[in-house]
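Asker: Single-letter residue listing:
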Amino acid sequence: MANIEYLLLFLVGSAVISYFLTRLNSFIGSIFTIFATMFVFVSLAAYGFNMNLDTTVSLLPWFSFSQTYLGFFFVIIIAFIYLMVSFFHPYFLDKYPYKNSYNLLFLLSLAGIIGAFYTDHFLQLFFFFEMIIWTTMFLIPQGKSREAAVSYFGFSLTGSVALLIGIFVIYQNVGRFDIQAGLAGISGTTSVFVFVLFMIAALAKLGTFPLHIWLPLAHGNAPHPFSPVLSGALVKLGAFIGILALIKINPIGPVIGAIDLALGQYIIAFIGSLSIVFGTLMAIKEDDAKKLLAYSSMSHGGYILVAFSALNGFAFAGGLYHILAHALASAGAFMAIAAVARATGTTKMKELGGMIHKMPITYLAYLIAIISMAGIPPMGGFISKWLIFQAVIDRGMILIAVAVFFGSVGSFLYVFRPLAALFLGQEFREYKHVKEAPLLMLIPTFIIMGLNIYTGVIPKQIIDFINNIIGENTAFAPVVATTFTVTATYGTLNAGLIALIFGVGVAIAFIIFILMKKSRKVELMDTYTAANFVHDEHLLHYSVDFYAPLERMYEKQSHWMKKFYDALAHKVKEVGKLAKYLFMSNNIGVTLIWILVIIVLLIGVVAL
Amino acid sequence: MKKLFGLILFMGLGVLIILALNNTISFPKFGSVDLSDRVADAYLDNDNVSEVGSANIVTAIVVGYRGFDTLGEVTVLFISALGVAFLFSFKKEKRLDLKFKPNFMLKHGSKLLFGIMLVVSLYIITHGHLTPGGGFPGGAIIASGVLLLYLADDKFRSNIKGFKVLEGVAGSLFVIIGLLGLILATSFLENFIASGTVGQLLSAGIIPIIYVLIGLKVGSEIASVVDNFLTEEESA
Amino acid sequence: MSAVLLIAIPLLAAFISILFKKYSIYLLFAVTIFNIANVFLATEGIIIIGGFSPPLGISLLVDTYSKIALLLVNALVLVIAALNVKAYPKYGTILLLVVAGLNGLVLTNDLFNFFVFLEISGIAAYLITASNKKPITTFRYLVIGAIGSSLFLLGLIILYSMFGTLNMVDMIKEIALNNNYQELVLPFTLMFIGLGVEAKLLPFNSWVKGILGHSNTFSGPMIASVYASAMGFVLGRFITNLFNFEGMLLTVVLVILVAGIVLSDIMAFASKKSREILLFSSVAQASMIALLFVNGIIIWAVYLIIANALSKTVMFMIINKAQKDVGSDEVKSLQGLFANNLVIGIIFTIATLSVMGLPLLVGFTIKLNFLTELADAGQIWTIAFILIASVVEGIYFVKLLLKLWYPEGNLIKVNYHLSFKLVFAIIALALLTFGVYQAPLDKLDNTVDTVMEVVNNG
Amino acid sequence: MIQYAAILLFVLGLYGIFISTNTIKMLVSLNILEIGLNIFIISIGFNYQGIAPILSSVSDTGLIYVDPLPQALVLTAIVIGVGTTALGLAFAKSIYQKYQSFDLNDMEESL
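Protein chains in written order, with numbering that gives the first Met the number 0: chain A, 0 to 607; chain B, 0 to 235; chain C, 0 to 457; chain D, 0 to 110.
Calculated directly from the structure, the hints in this document are not laboratory data.
Any given hint could turn out to be false.
Claimed, not checked - The list that follows gives simulated cross-link-like pairs (lysine to aspartate or glutamate, EDC-like), each with its CA atoms no further than 16 Å apart:
(1) 331/C / 407/C
(2) 331/C / 573/A
(3) 271/C / 93/A
(4) 398/C / 93/A
(5) 143/A / 407/C
(6) 97/D / 36/B
(7) 90/B / 233/B
(8) 97/D / 231/B
(9) 143/A / 93/A
(10) 24/D / 102/D
(11) 402/C / 146/A
(12) 92/D / 231/B
(13) 172/C / 36/B
(14) 562/A / 146/A
(15) 412/C / 324/C
(16) 92/D / 232/B
Quick caveat, the model's predicted, so the values are computed rather than measured.
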């Protein structure tokens with residue numbers, strides 16, 4: 000099916016069907032969901048790459064669609080993540096209190112995604128954004144926490160509202176809701192307003208620095224198969240808005256001479272770098288594996304912001320590449336953790352260990368994902384970070400470069416911790432019965448593993464597609480790439496060669512490991528205890544207080560943002576109580592005073 | 000403190016309204032009203048007066064021109080009477096005791112007085128279109144007669160059921176006359192009887208008929224309100 | 000058929016019904032069904048009463064706008080009464096008077112006659128709220144309502160003495176000739192406050208908390224949807240035709256209304272009781288409707304009134320029934336209400352999402368359209384405030400929804416009658432349908448915007 | 000002057016409602032307010048030369064009458080006031096039956 004309208008209707012229709020099928024049997028419903036998602040993904044992939052989708056509308060005449068390379072880039076990544084995740088549904092749904100509606104909302108939110116990236120009308124963009132928000136908002140509380148859903152919804156809604164106000168500011172000045180024309184048509188103070196409002200939306204949805212509170216809550220507490228969607232797919236909506244604001248609107252504010260960059264863009268880059276630093280620091284001290292990855296998403300959101308605000312070809316390409324790489328990596332990591340959580344029932348690192356013996360493939364998937372996440376070759380994350388580094392240094396943004404490098408080093412520190420804690424080390428006794436994930440769940444695991452490597456080794460096709468996007472949306476120079484290499488200002492990266500060396504190195508290490516296999520498996524209680532009697536073996540787990548000295552440095556400061564929002568909510572409540580006292584008093588006299596005040600005000604000021 | 004503060008505040012409001020009215024040019028000064036630019040001028044027009052047929056122009060307005068208002072007004076009274084009865088609907092009720100024992104003179108004198116009041120009220124009601132008065136004051140006099148009976152006789156209970164029927168029938172007839180206007184003439188509450196000579200008892204078309212109905216309705220409604228206030232739940 | 004029957008027949012029925020008390024509720028059903036049919040048949044234009052041409056006598060004004068209002072009011076009364084037949088059977092006569100009063104309120108073309116109907120419907124409302132069994136709150140409502148209508152009466156009398164007429168169309172013409180808005184500030188302020196009390200606009204509405212905060216399945220929807228929508232329509236008529244706010248008065252009214260929206264949503268945010276949350280949201284919606292009328296966005300205000308009336312009927316009924324069965328309206332004690340009542344839960348969710356203005360539901364279409372028109376009018380700050388309030392609104396509604404969906408500890412048991420479910424499902428389906436398929440909404444657009452034209456043609 | 004006195008009576012009624020907590024006093028204040036309003040309504044139709052608008056014969060020409068419309072309106076307003084007061088008193092009585100008090104302050108907690 001090559002018509003967007005039909006795709007949307009198909010998704011809505013199959014959402015309804017999946018509800019009834021899931022009601023009947025959650026396995027059948029989930030299988031149906033897989034096929035529906037797959038159908039949509041395949042249709043998009045088959046026609047979308049060359050912009051061959053049919054955008055005419057006949058059944059939904061009040062919508063209007065147009066296809067762009069940029070939109071397609073996002074939509075194909077997100078649809079892919081949706082497809083991968085849907086393979087997990089058959090094994091997870093039974094645990095959820097309202098499992099019937101899970102597939103329904105899942106498919107509806109996918110419909111929202113497709114609409115959002117294909118529409119060329121601002122109000123429809125808002126329509127689809129809101130649709131995504133409320134459908135996903137009902138998915139999150141099926142996991143562990145309802146506060147998480149409220150927080151997710153609150154921040155997302157704040158973002159949407161900022162977006163909508165921005166849209167109306169544009170509309171007032173340009174007189175139309177067309178996205179391209181609207182963004183091109185504004186200038187001066189108006190564009191500053193729009194920029195600020197759109198950036199609030201972008202920061203809120205991307206979960207970056209000042210608006211990041213929802214991210215660990217939602218990622219950490221969402222149902223296990225939904226966390227990959229959140230982190231891999233939904234936060235990218237923020238990146239899309241970020242591109243609209245940073246790239247499509249003319250640069251904001253005076254140009255800073257030293258780095259030849261507009262002030263507005265620099266501020267966003269700075270916020271991005273703050274996000275990198277905070278995300279890294281918070282991730283280091285986090286104990287829950289999913290929350291840790293959530294904080295890593297926050298820092299990666301920072302990278303994306305830095306990339307888009309640097310305003311040149313490499314940076315833009317790097318940012319887009321990073322979106323892809325991070326989507327794959329975080330989806331892979333979250334899915335691996337979901338598989339572990341399914342088997343063991345927990346995501347707390349200190350409660351887990353030794354899963355490598357039980358779930359080797361999951362382990363491998365996680366390993367590859369975090370290599371990409373940390374920006375180590377030969378995975379996609381390396382290429383994107385390399386491009387971003389080039390751009391930052393090219394611009395001479397010292398402060399931001401420091402943050403970017405800090406984030407990169409920091410990510411080594413935290414991503415391997417879940418690896419070690421979950422998969423390596425000794426097993427706990429309670430997980431003796433655990434088995435590898437079922438085949439249906441391994442399919443997406445393998446695919447994502449492969450793609451993580453593919454993006455790191457053969458950048459050609461992706462860079463080519465990104466060059467299309469650059470040509471479509473900007474005046475930047477395209478990035479030069481051959482099958483295995485990418486060229487930037489400070490040299491050429493030969494991803495293929497690096498991968499080859501890396502592969503050889505791994506092979507040698509593996510041979511050594513096989514030849515010199517001497518390790519002996521011991522029970523957790525066999526070691527360390529010496530003469531002490533240990534009540535709780537979990538305390539022996541080495542991931543407990545792993546970075547204790549480091550954490551102590553910023554323990555007190557780490558929650559001040561959350562405290563700020565709590566205090567804000569509290570203040571709003573107090574204002575509400577005050578207002579109740581002032582307006583909703585049980586005393587009639589108070590109302591009389593208000594009537595008097597208004598009459599006096601109007602007559603006194605106006606009539607006399 | 001609150002009292003003084005409030006007094007100053009609200010008196011200030013009053014002064015402000017007065018000043019604002021004083022400043023309004025279109026607002027006529029007290030006592031120098033010019034009727035020619037008001038709709039009321041038409042009510043005093045000779046042709047209109049003879050068309051309606053009521054010598055009392057206020058009555059012509061209340062029952063004729065703005066008869067619909069009066070229907071609403073009767074309804075307000077009806078619904079508040081209904082509400083009072085609704086709030087005081089007890090399973091077993093008895094009337095309030097008097098604090099004194101009424102003597103023979105009081106009991107029978109009040110009945111005599113009631114008769115006189117009834118006659119006066121009937122006169123007022125039927126002459127509403129000729130002289131000041133009409134259904135509302137007349138009805139109120141009937142009801143105060145009933146109140147007199149209640150206060151003068153500790154055994155007296157009026158026939159509430161009868162009042163209810165009277166109330167319902169009078170109200171229904173009012174609306175039905177209105178509907179007859181719609182059917183026999185062209186619009187709701189339109190006069191469909193010859194209006195006769197201005198100043199005679201049998202004139203002004205449906206106005207006296209409606210006023211009689213209003214008098215009965217108001218009388219019975221206020222009387223039933225009085226009755227409701229003078230009853231209480233019987234403690235077993 | 001004449002539109003006057005819409006008022007006369009309920010009145011006749013009310014007078015007859017006290018003779019046959021037991022059948023009063025069936026009389027009500029017959030009358031409302033008759034009225035609904037009559038709305039479609041009634042001729043449009045000025046309807047003369049008493050045979051006196053307009054400035055002399057009282058007249059009614061029938062146009063598409065008032066027909067929509069009549070249809071909504073009569074249908075809602077019918078539905079709410081039918082659903083409460085068992086629980087509150089004694090209200091037949093009062094409801095007949097409510098129908099007469101509200102129909103008159105919507106139809107009348109005479110200011111003083113309007114005041115009379117305001118009092119009829121007001122007193123009927125006091126009696127309806129008497130079913131809350133909280134006489135103190137009703138007493139406060141009565142006193143504030145009486146003050147409000149006295150202010151309205153004072154305003155209209157000043158207008159009469161200035162322009163010498165009570166007929167609305169006539170008055171509008173006279174005012175247009177006068178063109179000194181300064182002089183009109185005093186009467187308009189007084190009338191606006193008078194209407195504001197009944198339409199529960201913010202600083203004048205302290206009665207709402209007591210009344211709706213203790214409402215039941217009958218009084219809740221009656222006050223929050225039937226009265227609210229009738230008052231909304233009436234307020235629209237007055238604001239767009241008569242008041243035409245200008246200058247400082249316009250500024251102050253706008254500030255009052257915007258502050259009303261923001262503060263009500265914040266108050267709802269600070270509430271822990273489910274009924275309070277709903278009532279503050281109603282207050283916010285009332286201010287929103289008035290705000291739209293002030294900005295001349297008639298059609299979407301009308302839709303907002305309708306959508307709000309439908310959703311609030313459902314929401315108040317569901318919550319109030321639960322409160323009755325559980326004995327408390329604290330959100331905490333209603334946790335997990337929908338775990339056992341899936342259908343009711345879905346319907347409540349749809350209604351709430353529509354009120355919040357989320358896509359696929361009619362509330363979203365309405366919200367986006369009126370915001371666009373506000374942007375056309377250059378009211379970007381108003382838009383910003385409305386949207387900021389909508390964030391607060393969104394958060395408290397989501398909190399409420401999630402609490403009601405996810406049980407904590409013991410499951411509570413609330414049984415909803417099948418008729419409840421059926422009626423609510425139809426309403427929810429309507430909200431959903433018009434949220435997706437909006438062509439009919441646009442169609443009506445052209446016919447309603449002609450409120451002014453009737454005035455000009457006299 | 001009478002007109003101004005009427006307005007002052009009106010605000011005096013408002014003041015009465017403002018300061019009193021007793022239900023009966025509130026209703027009395029409400030009535031004071033309404034009386035002020037009614038006098039004001041009558042006053043706007045008054046003319047120093049005018050006579051009561053009751054004709055003795057149709058041929059009475061050249062006479063100046065006071066405005067009859069406010070008088071008709073005030074009749075309606077009075078009756079409406081009576082209705083509201085009656086209902087208010089009924090509520091006051093039922094409050095008294097429930098809480099044994101007319102003072103709203105006494106039962107503030109019971110809300």
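Asker: Which numbered conditions among the earlier hints are violated in the structure presented, ordered from lowest to highest?
Answerer: As far as the earlier hints go, 2, 3, 4, 6 are violated by this structure, in ascending order.
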